Amino acid sequence: EDKVVQSPLSLVVHEGDTVTLNCSYEVTNFRSLLWYKQEKKAPTFLFMLTSSGIEKKSGRLSSILDKKELFSILNITATQTGDSAVYLCAVEAGGSYIPTFGRGTSLIVHP
Amino acid sequence: DGGITQSPKYLFRKEGQNVTLSCEQNLNHDAMYWYRQDPGQGLRLIYYSQIVNDFQKGDIAEGYSVSREKKESFPLTVTSAQKNPTAFYLCASSIGLVIYNEQFFGPGTRLTVL
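The listed protein sequences correspond, in order, to chains A and B. Quick note on my numbering: the first sequence kicks off at 11 and runs consecutively. Quick note on my numbering: the second sequence kicks off at 31 and runs consecutively.
None of these hints come from the bench; they were simulated from the model. Values in this document were obtained by computation on a predicted structure and should not be read as measured data. Just so it is clear, CB atoms sit at the ideal spot from N, CA and C, and this is done for glycine as well. A hint or two may mislead.
[Stated by the list, open to error] Reference listing, derived: stretches of chain A covered by chain B, where coverage requires no fewer than 3 residues with Cβ under 8 Å from a Cβ of chain B:
{"#": "1", "stretch": "35–45"}
{"#": "2", "stretch": "68–78"}
{"#": "3", "stretch": "107–115"}
[Stated by the list, open to error] Only pairs whose alpha carbons sit at most 25 Å apart, straight line, appear in this in silico BS3-like list of lysine-lysine:
{"#": "4", "chain 1": "B", "residue 1": "K100", "chain 2": "A", "residue 2": "K50"}
{"#": "5", "chain 1": "A", "residue 1": "K51", "chain 2": "B", "residue 2": "K87"}
{"#": "6", "chain 1": "B", "residue 1": "K113", "chain 2": "A", "residue 2": "K47"}
{"#": "7", "chain 1": "A", "residue 1": "K77", "chain 2": "A", "residue 2": "K47"}
{"#": "8", "chain 1": "B", "residue 1": "K113", "chain 2": "B", "residue 2": "K87"}
{"#": "9", "chain 1": "B", "residue 1": "K39", "chain 2": "A", "residue 2": "K67"}
{"#": "10", "chain 1": "B", "residue 1": "K113", "chain 2": "B", "residue 2": "K39"}
{"#": "11", "chain 1": "A", "residue 1": "K13", "chain 2": "B", "residue 2": "K87"}
{"#": "12", "chain 1": "A", "residue 1": "K47", "chain 2": "B", "residue 2": "K39"}
[To be verified] Pairwise CB distance ranges, derived in the manner of DEER restraints:
{"#": "13", "chain 1": "A", "residue 1": "A88", "chain 2": "B", "residue 2": "N48", "range": "44 to 50 Å"}
{"#": "14", "chain 1": "A", "residue 1": "G92", "chain 2": "B", "residue 2": "Q80", "range": "34 to 40 Å"}
{"#": "15", "chain 1": "B", "residue 1": "E92", "chain 2": "A", "residue 2": "N39", "range": "46 to 52 Å"}
{"#": "16", "chain 1": "A", "residue 1": "S72", "chain 2": "B", "residue 2": "P38", "range": "34 to 40 Å"}
{"#": "17", "chain 1": "A", "residue 1": "K51", "chain 2": "B", "residue 2": "N58", "range": "18 to 24 Å"}
{"#": "18", "chain 1": "B", "residue 1": "E92", "chain 2": "A", "residue 2": "A88", "range": "43 to 49 Å"}
{"#": "19", "chain 1": "B", "residue 1": "Y130", "chain 2": "A", "residue 2": "S72", "range": "18 to 24 Å"}
{"#": "20", "chain 1": "B", "residue 1": "G70", "chain 2": "A", "residue 2": "H24", "range": "19 to 25 Å"}
{"#": "21", "chain 1": "A", "residue 1": "P18", "chain 2": "B", "residue 2": "R74", "range": "16 to 22 Å"}
All chains should be modelled from the sequences, with the hints used to inform the complete structure.
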């Protein structure tokens, strides 16, 4: 059975801090890892990672995948209150094209 | 504007009643999905559909039913057989069940059983 584990489950920081969210996985025939941000309702797509060592960046957010150690990290620098959300990691693998989701990391950024 | 809509946003149901959640998309996507999200939990797959008139059970299909009569629409019925239906329900769509499958999500329906 495919497993996707996110850590920490929750995180409270102050504006300006840098955070690192982790996603590890145990799957058969890995294809891609996806990060989503969920701010109260609909998750919105952030990154899709398929190759090890290639960093994806979007503003203050960046993510990288390590296929040897089976994990990905999502970095957020200079956090703002608008970064407060649940960050979901999902892995696409095996014979199914439907991603398996982790439990998410709840990030709260205080002013 | 292309996107996915879900209705209603909030739904209250008495025990023993069936209730239907609406999901519509105008993205011309073939695949549609229903997920359930409980506090502190990830998204768990209820049902998915690759194409009109076809759908498959996900990990937690018991107590739920779906239909896919039109490409744009994928309603979910929560039946009285679902023992613990109070949850946040998310509908999603994607181009198809293809590699690198980015999903687009609706705003969700919060169902509360009284």
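Checked hints:
Given as covered by chain B, the stretch 35–45 of chain A passes the check, having 3 residues with a CB less than 8 Å from a CB of that chain where 3 are the minimum. With 0 residues carrying a beta carbon less than 8 Å from a beta carbon of chain B, the stretch 68–78 of chain A misses the three-residue requirement, and the given coverage is violated. Against chain B, the stretch 107–115 of chain A contributes 7 residues with a C-beta closer than 8 Å to a partner C-beta. That satisfies the three-residue criterion, and the hint holds. For the hint pairing K100(B) with K50(A), the CA-to-CA distance comes to about 29 Å; that exceeds 25 Å, so the pair is violated.
At roughly 24 Å between alpha-carbon atoms, K51(A) and K87(B) fall within 25 Å of each other, so this suggested pair holds. For the proposed pair K113(B) and K47(A), the alpha carbon gap of about 30 Å is over 25 Å, so the pair is violated. At most 25 Å may separate the alpha-carbon atoms for a hinted pair to count; K77(A) and K47(A) meet this at roughly 22 Å. At most 25 Å may separate the alpha-carbon atoms for a hinted pair to count; K113(B) and K87(B) meet this at roughly 17 Å.
A distance of roughly 33 Å separates the Cα atoms of K39(B) and K67(A); the hinted pair therefore is violated under the 25 Å criterion. For the suggested pair K113(B) and K39(B), the alpha carbons sit about 21 Å apart, so the restraint of at most 25 Å is met. For the suggested pair K13(A) and K87(B), the alpha carbons sit about 19 Å apart, so the restraint of at most 25 Å is met. For a cut-off of 25 Å, the pair hint linking K47(A) to K39(B) stands: about 19 Å separates their Cα positions.
Separation of A88(A) from N48(B) is about 49 Å and conforms to the stated range, judged on CB atoms against 44 to 50 Å. Our hint of 34 to 40 Å for G92(A) and Q80(B) holds, since their Cβ atoms are close to 36 Å apart. A hinted range of 46 to 52 Å for the beta carbons of E92(B) and N39(A) is inconsistent with their spacing of about 28 Å. In this structure the supplied range 34 to 40 Å holds for S72(A) paired with P38(B), their Cβ-Cβ distance being about 38 Å.
In this structure the hint that K51(A) and N58(B) lie 18 to 24 Å apart at CB holds, the actual value being about 23 Å. Separated by about 46 Å at the C-beta atoms, E92(B) and A88(A) satisfy the suggested range of 43 to 49 Å. Between Y130(B) and S72(A) the Cβ separation comes to about 19 Å, which falls inside the hinted range of 18 to 24 Å. Under the hint 19 to 25 Å, the C-beta atoms of G70(B) and H24(A), about 23 Å apart, fit the expected range.
P18(A) and R74(B) have their C-beta atoms about 21 Å apart, which keeps the hinted 16 to 22 Å range intact.
Hints 2, 4, 6, 9 and 15, counting from the list given before, are not met by this structure.
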